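A.B. asks: What follows is the residue order along each chain.
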Amino acid sequence: MVVLDYGSGNVHSAVKALEKVGATVELTADRRAVAEADGLFVPGVGAFDAVMRALETVRGGDLIDKRLAGGRAVLGVCVGMQVLFGRGVERGVDTEGLGEWPGTVDELRADVLPHMGWNTLTPPNESRLFAGIADERFYFVHSNAAQTWELEVQHPLPAPLVTWADHGGGFIAAVENGPLAATQFHPEKSGDAGLQLLSNWLRTL
Amino acid sequence: MTLAVRVIPCLDVAAGRVVKGVNFENLRDAGDPVELAGLYAAQGADEITFLDVTATVDERATMYDIVRQTAEQVFIPLTVGGGVRSTDDVARLLASGADKVGVNSAAIARPELIGEIADRFGAQVLVLSLDIKRSTSEAARRGSGFVVTTHGGRRETELDALAWATRAIELGAGELLVNSIDADGTKDGYDLELIRLMRAISSVPVIASGGAGRVSDFPDAIAAGADAVLAASVFHNRELTIADVKSALTESGVVVR
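First to last, the sequence lines map onto chains A and B.
If you read the first sequence in my numbering, its first letter stands for residue 207, the second for the next number, and so on.
If you read the second sequence in my numbering, its first letter stands for residue 2, the second for the next number, and so on.
For the record, the hints were derived by calculation from the structure and aren't laboratory data.
Every value quoted in this text rests on a predicted model; they were computed, and no experiment measured them.
Each residue gets a CB set at the ideal place from its N, CA and C atoms; glycine is no exception.
Honestly, I wouldn't trust all of these hints.
Said to hold, decoys possible - Calculated cross-link-like contacts (lysine to aspartate or glutamate; reagent style EDC-like; alpha-carbon spacing at most 20 Å):
#, chain 1, residue 1, chain 2, residue 2
1, A, Lys272, A, Asp236
2, A, Lys272, A, Asp211
3, A, Lys272, A, Glu313
4, B, Lys188, B, Asp30
5, A, Lys226, B, Glu73
6, A, Lys222, B, Glu73
7, A, Lys222, A, Asp211
8, A, Lys222, B, Asp66
9, A, Lys222, B, Glu36
10, A, Lys222, A, Asp244
11, A, Lys226, A, Asp398
12, A, Lys226, B, Asp30
13, A, Lys272, A, Glu242
14, A, Lys272, A, Glu306
15, B, Lys188, B, Glu240
Unchecked claim - Chain B is faced by these chain A residues, among others (derived, beta-carbon under 7 Å):
#, residue
16, Val318
17, Gly323
18, Trp324
19, Ala340
20, Arg343
21, Val347
From just these sequences and the hints, can you work out the full model?
C.D. replies: Set out below in structure tokens:
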């Protein structure tokens, strides 16, 4: 397992949480290690444009594309999820994202932001990430999110599984789309439920 | 589908040990921080806060090792405050495993620090820690009556608590830790008037701190508008468990995890 090392906030917890559920984890941006890992965890903390710029320094978009082209698993977390969309608008700054999915990440319409704390969500029944933990709460800390899902998938491709949560309106809390998965909340900070989600993800690899 | 109210045990740390005193004085040993953090997480704490209570006074750097060890065992959010003076201090704490940092005196001395931290790491990383006192000073009479203090409540400033909080949010603070120096350690309950005033001016989450003694104090703080409740000695002295607090909140109709 590789946790992508590109100077993003607290990656220590992601490494420790993955180790806790049995993974062998390397914190690196080495191209070969990233390409060959069974799973790539993409963390992300801070402003959308800052995360995009930091990702560019390790050619993160290219690394993710190459893995996905080979059907190899990638899990984006928090802003590491947000940058997978087409664009992000934050504090008036409009930034192009990695564009794995169409759509815009922008500010939630809630009275109190950031959305900070433990919230519920509504995963689809087929979800593998949320198997056994669909009723648990997970830890969110963010002000922006994707609030519409725009990707339409044609038969025979399987439809992406989109999990919604609510804070001043619905937003996307998680996506499972073939090898590419993402969570807006922090599984590495969501106690036992979060560890179970990471364990579920490992099981899909 | 509602965000749960957070219950946050606060561990005041001095020289690597958890301590507790009344109004930040007469500090007593209350245990090992890493062990206690693990215990509280197991009991259902929603976050853990470490405050290095000697950092400002003794010019001591905060406890990276304690943070690192805790983050290896405890998979819930961890806030660390005390002695944070620069974006580099924040970077080092985040790299050690902290999710949020509490900033207090350094932001009062140099408010631009708030924007610098928010720009580099995002507003969600920055908890503005406020030690607030009711005052009869001239400055207080001109404003809300609540002033910001420094040095663990020992020094009053002329900053009006509400005006400072408003400005700090504009600059990029992501959360307010509202600590009443008057109520701290008294166990007479949170300063509800202060929480109400802070809630009214704040667009970011408000954490109530200082004065928790009985289980009923917690729902009172939520009713006054707090998004989270923080307490220290009632937990350290084993007078209340996290579960006791959560039951009381649930009985009052407050949603908890």
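A.B. asks: Does each hint hold? Answer for all of them.
C.D. replies: Hints and how they fare:
1. A:Lys272 with A:Asp236: Given that 20 Å is the threshold and the Cα spacing comes to 14 Å, the pair holds.
2. A:Lys272 with A:Asp211: Cα-Cα ~17 Å, so holds.
3. A:Lys272 with A:Glu313: This hinted pair is violated, its Cα atoms lying about 30 Å apart.
4. B:Lys188 with B:Asp30: Answer holds: Lys188 (chain B) to Asp30 (chain B) is near 19 Å, not above 20 Å.
5. A:Lys226 with B:Glu73: With Cα atoms ~9 Å apart, Lys226 (chain A) and Glu73 (chain B) stay inside 20 Å; holds.
6. A:Lys222 with B:Glu73: Roughly 6 Å between the alpha carbons, so the hint for Lys222 (chain A) and Glu73 (chain B) holds.
7. A:Lys222 with A:Asp211: holds, 14 Å
8. A:Lys222 with B:Asp66: The given pair, whose Cα atoms are some 15 Å apart, holds under the 20 Å limit.
9. A:Lys222 with B:Glu36: holds, 17 Å
10. A:Lys222 with A:Asp244: holds, 17 Å
11. A:Lys226 with A:Asp398: holds, 11 Å
12. A:Lys226 with B:Asp30: violated, 31 Å
13. A:Lys272 with A:Glu242: holds, 11 Å
14. A:Lys272 with A:Glu306: OK: Lys272 (chain A) and Glu306 (chain A) at ~12 Å, within 20 Å.
15. B:Lys188 with B:Glu240: Roughly 11 Å separates the two Cα atoms, so the pair holds.
16. Val318: With Cβ-Cβ at 6 Å, under 7 Å, it holds.
17. Gly323: holds, 5 Å
18. Trp324: Cβ of Trp324 (chain A) sits 5 Å from chain B, so the hint holds.
19. Ala340: Since chain B brings no Cβ nearer than about 13 Å to Ala340 (chain A), farther than 7 Å, the hint is violated.
20. Arg343: holds, 5 Å
21. Val347: holds, 5 Å
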